[in-house]
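What follows is each chain in one-letter form.
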Amino acid sequence: MVDQTTITTTKTEETEVAAEPTTEQKGLVAEPKPEETKVTPEPAKQPYWYHLDRIPLAEDRAQKFLESFAAVLRHTNYKPVLDLYARSMTHCGRCTTACPVYQATGDPADIPCHRSQQILDVYKRYFTPGGWLRARIFGNHSLTNQRVDAIAESLYRCTACRRCNIECPMGLDHGLITHFGRYVLSEAGIEPKGLVVSTREQLEGETRNTSKVPLPALIDTLEFLEEDFEDMKSAKIKFPLDVEGAEYVFFTPVSDYLMEAESLMGIAAVLTAAGVSWTIGTQVYDAINYGLFYNDWVLDRVNNEILGETRRLKGRKVLIGECGHASRASKAFMPTFNRGDEIPLINIMELTYDLFKAGKIDLDPNVVTEKVTYHDPCNIARSGWIIEQPRAILRSFVKDFVEMTPNGRRNYCCGGGGGTVSLDEIHKFRMEIGGRTKMEQIRATGAEIVVAPCANCKKQLRELMKYHELPVQIVGLHDLILRAIRMPDSPGDQQSAADGSASSMVGSAKS
Amino acid sequence: MEELLAFLKGPLLVFVVLILVLGLVRQVVLSVWALIEATRRAGDRNIPYARVLRDTAIWMFPVTRLHRTLPVFSYASFFFHLGVISSAVFLQEHIDLFGPLGLSWPSIPRPYVDWLALLTFVGLVILLGHRIYVRQSRVVSDFADYAILVLLVVTVGMGYLGGQSWNVIPYSLTMVFHIAAGSTILVLIPFTKLAHCVLYPLVRLSSEIGWHLTREGGYDVVRTLYGPEGRKM
Numbered sequence: 001m002v003d004q005t006t007i008t009t010t011k012t013e014e015t016e017v018a019a020e021p022t023t024e025q026k027g028l029v030a031e032p033k034p035e036e037t038k039v040t041p042e043p044a045k046q047p048y049w050y051h052l053d054r055i056p057l058a059e060d061r062a063q064k065f066l067e068s069f070a071a072v073l074r075h076t077n078y079k080p081v082l083d084l085y086a087r088s089m090t091h092c093g094r095c096t097t098a099c100p101v102y103q104a105t106g107d108p109a110d111i112p113c114h115r116s117q118q119i120l121d122v123y124k125r126y127f128t129p130g131g132w133l134r135a136r137i138f139g140n141h142s143l144t145n146q147r148v149d150a151i152a153e154s155l156y157r158c159t160a161c162r163r164c165n166i167e168c169p170m171g172l173d174h175g176l177i178t179h180f181g182r183y184v185l186s187e188a189g190i191e192p193k194g195l196v197v198s199t200r201e202q203l204e205g206e207t208r209n210t211s212k213v214p215l216p217a218l219i220d221t222l223e224f225l226e227e228d229f230e231d232m233k234s235a236k237i238k239f240p241l242d243v244e245g246a247e248y249v250f251f252t253p254v255s256d257y258l259m260e261a262e263s264l265m266g267i268a269a270v271l272t273a274a275g276v277s278w279t280i281g282t283q284v285y286d287a288i289n290y291g292l293f294y295n296d297w298v299l300d301r302v303n304n305e306i307l308g309e310t311r312r313l314k315g316r317k318v319l320i321g322e323c324g325h326a327s328r329a330s331k332a333f334m335p336t337f338n339r340g341d342e343i344p345l346i347n348i349m350e351l352t353y354d355l356f357k358a359g360k361i362d363l364d365p366n367v368v369t370e371k372v373t374y375h376d377p378c379n380i381a382r383s384g385w386i387i388e389q390p391r392a393i394l395r396s397f398v399k400d401f402v403e404m405t406p407n408g409r410r411n412y413c414c415g416g417g418g419g420t421v422s423l424d425e426i427h428k429f430r431m432e433i434g435g436r437t438k439m440e441q442i443r444a445t446g447a448e449i450v451v452a453p454c455a456n457c458k459k460q461l462r463e464l465m466k467y468h469e470l471p472v473q474i475v476g477l478h479d480l481i482l483r484a485i486r487m488p489d490s491p492g493d494q495q496s497a498a499d500g501s502a503s504s505m506v507g508s509a510k511s
Numbered sequence: 001m002e003e004l005l006a007f008l009k010g011p012l013l014v015f016v017v018l019i020l021v022l023g024l025v026r027q028v029v030l031s032v033w034a035l036i037e038a039t040r041r042a043g044d045r046n047i048p049y050a051r052v053l054r055d056t057a058i059w060m061f062p063v064t065r066l067h068r069t070l071p072v073f074s075y076a077s078f079f080f081h082l083g084v085i086s087s088a089v090f091l092q093e094h095i096d097l098f099g100p101l102g103l104s105w106p107s108i109p110r111p112y113v114d115w116l117a118l119l120t121f122v123g124l125v126i127l128l129g130h131r132i133y134v135r136q137s138r139v140v141s142d143f144a145d146y147a148i149l150v151l152l153v154v155t156v157g158m159g160y161l162g163g164q165s166w167n168v169i170p171y172s173l174t175m176v177f178h179i180a181a182g183s184t185i186l187v188l189i190p191f192t193k194l195a196h197c198v199l200y201p202l203v204r205l206s207s208e209i210g211w212h213l214t215r216e217g218g219y220d221v222v223r224t225l226y227g228p229e230g231r232k233m
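Protein chains in written order, with the numbering used here: chain A, 1 to 511; chain B, 1 to 233.
This is chain A alone, in the form it adopts within the complex (with noise of 0.2 Å):
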């Protein structure tokens, strides 16, 4: 079972919990932040009201979490949403039958709208005037350090797949409540290492990106792969670097550039055949935003780091690489976050499906012959978004192609959504619980090939499939166009290499 010392399965009574580790223990605290031990509120900025006043709460954590929470309140639009649910939520039960993480467990705790219960609970007793009521009549209750606690330990039990919300006869939505919560802890300072640390770099550090990721090597990896793909296939491909202008600025996430070679070339690939005018930025590359996953003002940041390269390079459009989280954030959000001119922003595989309709890139139907399933990311087929594009693609040149069971809108969470997959404290827990029923529908389907266009499904399956010792391989979707790709003889009006290819900025960069 879970590894307990990492993630565990927490009761909400205070009691049973007092014996619990603490959340430090549980890594999801990041390091102390100096300023945390003082809450100055701006005299215009005060917090929403709650009831601290005639109720005391001793401990500090908690008290930390209740400002947290009102502040979160009065800025944000999350109170409707709270106040309509704590109003009507029927406790049907249905969402149960939707989640993985409690069909693995069976845990209470791990019920979608036992979870979102929580929250409200808080939500109700601190913050509306029922609970100032009931709290008066019926005794203190006071929320505790370790109700904290077993908050932030359900919230990030939950792999926000957001797959109850389409089984919710009220249309609640708990993935929405999982993302409050967080957001809610994170202000609180209780957030996971893994994601802050990625974050700070991103947004505070030299490389600008959550791996680390130098520009020099970045050039290097870009350069390699332009020859390694001449190798590969007799034709060149180019990863045009600060062309300005171009109608599309490419952002994948940075750990593309450390493990997914062929996804990138086959990207390259696609958009060298068709003749198609992009660019890699040099200043910001990473298309990682776990502001999606705990933290709205995080959300904002990044999104505004990919707007700004944009503009500098004064590109068109916005180009998103293989990854469900990165699109999404970018898609629904940067409508919000965006303080200057509307730049469109299109998926890689809609790019690609465009390309391949308009019959600009040519695929080989010999070459692919294993068995070969699709997995849907869920934050990009949840809301129908990118379902039928990568299918056709398949479809025309994979000769043996299968479906999961359920797919589409209601496919299953690869176990590591939400920020999960990044939280090497918890592998155990995403091996055999978050991704059990994803590796049995794979296994089911007998594939030997799964396409999981999503950095973060990929590294989760390829670890999730080594842990039940499957045969299988986990590919991105331009991995398999790599293999089937015909190249034309004389691309399109591809910018010249010269003009701001890899090669060609080796020496400035590096230097």
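Since no wrong hints were added, every one of them can be taken at face value.
List of simulated lysine to aspartate or glutamate pairs, EDC-like, C-alpha gap at most 16 Å:
1. Lys-193/B x Asp-121/A
2. Lys-236/A x Glu-223/A
3. Lys-317/A x Asp-354/A
4. Lys-371/A x Asp-400/A
5. Lys-317/A x Asp-341/A
6. Lys-331/A x Glu-342/A
7. Lys-232/B x Glu-201/A
8. Lys-232/B x Glu-204/A
9. Lys-317/A x Glu-244/A
10. Lys-371/A x Glu-448/A
11. Lys-360/A x Asp-489/A
12. Lys-331/A x Glu-208/B
13. Lys-331/A x Asp-44/B
14. Lys-9/B x Glu-93/B
15. Lys-233/A x Asp-362/A
Label pairs and their in silico Cβ distance ranges:
16. Arg-316/A x Ala-144/B: 53 to 63 Å
17. Asn-366/A x Lys-232/B: 54 to 64 Å
18. Arg-110/B x Arg-136/A: 43 to 53 Å
19. Leu-133/A x Val-139/B: 26 to 36 Å
20. Leu-133/A x Ile-58/B: 32 to 42 Å
21. Lys-314/A x Lys-232/B: 27 to 37 Å
22. Val-72/B x Ile-166/A: 15 to 25 Å
23. Ile-132/B x Glu-440/A: 28 to 38 Å
Honestly, the hints are just simulated from the structure, not real lab data.
Where a beta carbon is used, it is the ideal one built from N, C-alpha and C, also for glycine.
Given the coordinates of chain A, assemble chain B onto it according to the supplied hints.
For chain B alone, kept in the frame of chain A given last:
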């Protein structure tokens, strides 16, 4: 007994309906206002109303989704809602209560409304059994979940019995139980999860609006908690 019944059907019912209507109007007005305000504050005000409306309508009549998960519970719940709304609204005796206000509308003939009441009752018993015997439902249920179901069982059961010639309980006593339990439910509606009878269309909309964040919200939260100098990562 007759005097008690007259009181329940007279002054108490007026009071109950007043609480119900005012309570629900307050709920709807406050919720709609909060959602309008949230939309106004959103950085992206492009809310997909058509999709939300379509999903809301589909789930109001989820005939194609009932079998998908928890089929027994889902069918019981669907027929309970169908029965309780139609038999409560279209029973002639209920319509007659609004006669003094000059209100009237078509009713469902007696034999059919009896079948609807029976369907409602069976649905209720299954829902109650589901809460008690199915673990995942039991663990998420609280006292109010059971209390409301018991009150509904009494209301619907007594209402059905009151219309049957073979009922061995005196009619007046049956009606006292029926009206007392029913009135309790009506009073509770605005203050409990039963408010979903009017809030239902707004819940799914709020789920959508909730994801439409405020543009400066993140920075405002940081300034509130950490002062003008902000926070470090």
